[in-house]
Amino acid sequence: MEDYPEELRTPPLSLVSIVGCPELHPAISAALSSRQPPMNLLALPDFSKASILARTAKARDPLAPPQAPAGILKKDWLLKHRTRVPAAVAAMFRADQVSGDPAQWLQACSDLENLKSVIQGRNTKLVVILVQSQAGGELSEDVTVALRKRAEIDSKHLVVLVERDEMEWTKSLNKLTTVFAELCTTYYKDEGRRVKARIEKRNFSSVELSIRYCFKVAVYAEFRRDWPEALKFYEEGIRVLREMIGTSTRLPPTQRLVEVKAVAEQFHFKISTILLHGGKVVGAITWFRKHIRSYERVVGSPEVAFLHWEWFSRQFLVFGELIETTSTTVPDTLSPRFGTADNALTEWEFQPAYYYQLAANYLREKRYALEFSSSSVSLTKGVNGLPESVMPSVYVGQYVRLFEQGDTVAVLPLSDTEYTSYALSEAERFQDSYEIIALFRKAYESFRSLGATRMASACSGGMAIEYYAAGDFSNAKQLFDGVAGLYRQEGWATLLWENLGYLRECARKLKSLKDFISYSLEMAALPLFSGSGQGNSENKRKNGPAGSPTISSRELIQQEVINILEGKHASENTDDEFDLHLMEESTHLDIDQISPLRIVFLASVAFHDQSVKPDSPMLVSVSLQSHLPCPVMIDKLEVQFNQSDCNFVIVSAQEDCSASNSHVHDGAVQTPLTLFTDKWMRLTHEVKPGQSGKLECLAVKATISKRLVVCCQAESPVSMGEFSLWKFEDQVEALPMKDNVLAFSGQKLIQVEEPDAQVDLVLDCPGPALVGELFTVPVTILSKGHTVHSGELKINLVDAKGGGLLMSPREAEESESHHVELLGVSDVTTENGSKEEVDSIRKIQHSFGVVSVPTLYAGDSWSCKLEIKWHQAMSVMFYVSLGYSLDSTEEAALHRLNVHRSLQIEGKIPMIVSQQFLRPFRREPLLLSRIRSSSDDDKKSSLAFNESNMLILSARNCTEVPLRLHTMTIVSNDDGKQLCSVQQISGISNEYAVIAPSEEYKGIFSVNPHTISPSFFLGEICLSWSRDSSIGESQDSRVIMKERLPEVHIEEPPLVVTMECPPYAILGIPFTFHVKIYNSTSLLQEIKYSLVDSQNFVFSGAHNHAASILPKTEHIVSHKLVPLGSGSQQLPRITITSVRYSAALTPSASAATVFVYPSEPKFNLEKGYSSTDPCVS
Amino acid sequence: MIVCVAVVGHQNNPLYLQSFTEADDALKLHHVVHCSLDVIDERVNNPKRNAPALNETFLGLLYPTENYKVYGYLTNTKVKFIMVTTDLDVKDADARNFFRKFHAAYVDAVSNPFHVPGKKIASRSFGARVSTIVKSFGSGTTA
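Protein sequence lines correspond, in order, to chains G and X.
Each residue of the first sequence is one higher than the last, beginning at 1 in this note's numbering.
Each residue of the second sequence is one higher than the last, beginning at 1 in this note's numbering.
Incorrect hints may appear among the rest.
[Stated by the list, open to error] Once the Cα atoms are required to be at most 20 Å apart in a straight line, the calculated EDC-like pairs of lysine to aspartate or glutamate come out as:
{"no.": "1", "chain 1": "G", "residue 1": "Lys869", "chain 2": "G", "residue 2": "Asp764"}
{"no.": "2", "chain 1": "G", "residue 1": "Lys149", "chain 2": "G", "residue 2": "Glu166"}
{"no.": "3", "chain 1": "X", "residue 1": "Lys119", "chain 2": "G", "residue 2": "Asp142"}
{"no.": "4", "chain 1": "X", "residue 1": "Lys119", "chain 2": "G", "residue 2": "Glu722"}
{"no.": "5", "chain 1": "G", "residue 1": "Lys290", "chain 2": "X", "residue 2": "Asp92"}
{"no.": "6", "chain 1": "G", "residue 1": "Lys290", "chain 2": "X", "residue 2": "Glu42"}
{"no.": "7", "chain 1": "G", "residue 1": "Lys156", "chain 2": "G", "residue 2": "Asp142"}
Hint data in this document are derived by calculation from the structure and do not stem from the laboratory.
Bear in mind that the values here come from a model prediction, so they are computed numbers and not experimental data.
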């Protein structure tokens, strides 16, 4: 677009001219250009310069027949009208120039006359401007009238400018510009109308004139900003122009076409600009389509086809630029259904990139046409050579030759041949490639930002081809590589073929043998499109250097690679060939899972087993597949594992015969190795893994033709990806393994197990552990064949119920105590001095321990005891693992063997202690607290002050083993000792008491409180026990178990009721039953008592009675009773009620029971028995 | 005249591509068809724009390029049909008609029990049928 002249690119502006008074010109010019629409000013300082406005008079005989025009449009016509032919001319005079001095007046008149004569013959309007310094005054009416008459103008065309007064100045300037605007409109309308009349009357001699008139009318309309009319006439002009191609004979055909196209280009540009600036995007695009359609076939003769393509490409480029600069968007009113009847346009036609891409395509077409023309012309070019001094003529799109003869310079027309060779020589001066690349790049970037990846890669490919054509192979290769990725991914084999063909040539040119081989092999292995069976492979322009993809070309390419590898120079152009003598070393190709060369070679490796023991043989299958069209002979196949001991080599049988003296790997297997197209070559081999751990097949290396080493990454059949290109082929897919299971689930890696540990780890548990004791677990390591080096025993205690931790998190924060603790390890066998060394490696924590084990030889054993203490009853999982290595070397240290054992150990509470308080027999203190609130203080036992109370402690063995109870004591604190005397009444008589499982031991204590306290702490029960089995154990094995006694309530009873009754009665013999009521208070106590009849007794005395007891005295109620029945009999129930406390006291049933013998019993008892404490029962 | 027809699979891979020109521009047609996939993507992935055409299989003119016009069609199984023609004025109805017949031929071809879905269509009878459809294009007998 930038190539177009300025006057064509911008809309024309009206032109006016002023002559004289140069000092005012800037102001007037500014005023004009600030108008809407602006006007251009052609300012002439004085009247002598006015001649430039004059017409260049053509000496044409008016009577001569009208000459046929020599061209359609004159180049400078538009420029002339925009810069040199004003619509109106204003003569400026100062007021003093026209008034006063008659000489000056005369001068003014003659200037005016001159000006009039200059513009004569044109329609140019005349305006006279008088410049006054002040409004009014100076100028008389006569002067203005005279001047107007002289100038032959209307009064309104005489404008007076007032210079000094700002307001007047603006006003008069406004008037002037308005006058100019009116005159311009009139002028351009008149001019337009004048030319239009000629068209309407068909008053022209040739079709060229018709087009020219259309152009002129349209331009005049543009001056007036009458866009519809301009558009109409431009369209009319271009229509006529298109028709002219076939009819005109004025010029030789080639030049005629060139001229027509040049003119059409201008017309088209004008139309597109008007439409786009008017916002009619759809109209512009539709118009462009029409324009392209009408000219796309007008190529002309083949020698000058390049001119057509250049022109055609320019159309796209310019339109793209126009769309880009006007930044068009798809109008909302347009139907969104692109490409259908509703909306014939497509999305891309709104994108400049689309036009750039096509411009690049056509420019490339031009390059091809030019190459063709140059080659054909260069043969015929001979005598006439290039025509000299050819230059553009005054007409658009025409060229002429300047012919100088002496002083006269003549312009001669050119013949088509001359023109062709001129155009060719001009065209050859330019490097189109870089322009094409620039266009493609523009399109590429734009398409990529639009997300049109395929279009973008097509552009990228276009760039690459141009780089290739320009000889920039490294750039070309880089671009081609980028594009090839997309084609591979989407499986467009034909496009990939073309791409690889270029890449192969690039590699050849860049002397990169490795690239050349890999591109060639990939090409050879490409699937073919069924449709592209035959093709003219000669046409390299359309199919690229590789020709069209056929089976035979694939085979040729493969053969070429083999030839190069074998050093046979098949082709004659040896300079391009690789100098293999310089490259003695072999070429390596690496093929991994994402490599495009997977279609060339694919290695699938599967072990036949899932896991294996070390040193035991197993089978591994190696399968190779190739899609190359010809069979591939493999010299040597090397399979590599991560354990290099397992690597093996297979050498081709034929190869080995020919080179028998060459060193052959030991263990190399000989098999014929020929890889046929699309068939799996399956090989099975035996390997013996030496080490435990993972054994993985890494790669399969195939050596082909001695020089090429293809290293395929091994793939497991189970995870083998599909071939991106071959997966769409309609063919049967063979499986890599014969075994179906292996083919679908085979793995290229195998787990080699550790050798079986030949060491026994024995955990011995003597039974459940008891809380508090130091529980020992003996651990024995017994070697049964392996030597244990740097053995390490790991011990771990875990809560059996899960959770792992042996204490709750909260407890962990609060204290260090664990429910179960690993306390230590005691060595059994290594008592002799080396203990310290062993100790240093021990690490014991509460639930985890590490113990090092000394070196043990086969048959040796070692044991230790683990000491664990339970603080609470719980079940614990006890894990012990032994890790060791077979010898003390560094390498062996990596392969450690492990033996694990676990044991669940129950932790139990050994004894449950319960306690019970008893009151003295038949002595009931009145404990008020018990009466008052029965519910609250129920839990707390109440004891009477200064009375002896019985405490019975019973320890129950809840284990399954007999336990020894060594001591049972109550340990009270210092206060307790003073305030309360606790005496053991009965205890362990011997050294210890053995308690069988689920038996109970009872100890009796007498408690006599000397203080009154609502909550009194008696002390702790302290039991010392041990297992019965541990005979001969020291004091250490005794476990002290402590339990707190509950608090008691001690109070003073106001009344104590004591019943006195003989220990037994005899039937029929009366006895006395006393009830003593002691008032321990300092108050008079009134009591009531009542006796209920009992059928087994008769008694004498009051049933109901009341008594008053003085302070600190005792009242005795006596009844005489005669038993009537024998056996254990209930005495008559007596109820004593304290009036003061409203508390009744009934002795307990056991207290009120007496045994009645039928007759006097005969006892052989010691005397002392009867005198013992009556409380013992 | 139709110069090329193509069937493009789910991964934008060509399943069938046949050109019908004397000139050796098969490769160019491959390019043209491949590039047109961008327009199909654009139209299919832009449902806002194509809201009224929810069930429309005919995608219309994809883009004009050089002297070709490329038309597209998307089957309900998301297989794309692409047709390249050199005719200047193609009636929508003709194009629709062509695709309808082509679709029928395609359905018959892939219904072959020996055809594996997603693989290239190598059936010769399909090729012959397509040739007939291509020849009858625009001849007015498309009823």
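Here is how each hint holds up against the structure:
no.	hint	in the structure
1	G/Lys869 / G/Asp764	16 Å, holds
2	G/Lys149 / G/Glu166	30 Å, violated
3	X/Lys119 / G/Asp142	102 Å, violated
4	X/Lys119 / G/Glu722	13 Å, holds
5	G/Lys290 / X/Asp92	19 Å, holds
6	G/Lys290 / X/Glu42	26 Å, violated
7	G/Lys156 / G/Asp142	16 Å, holds
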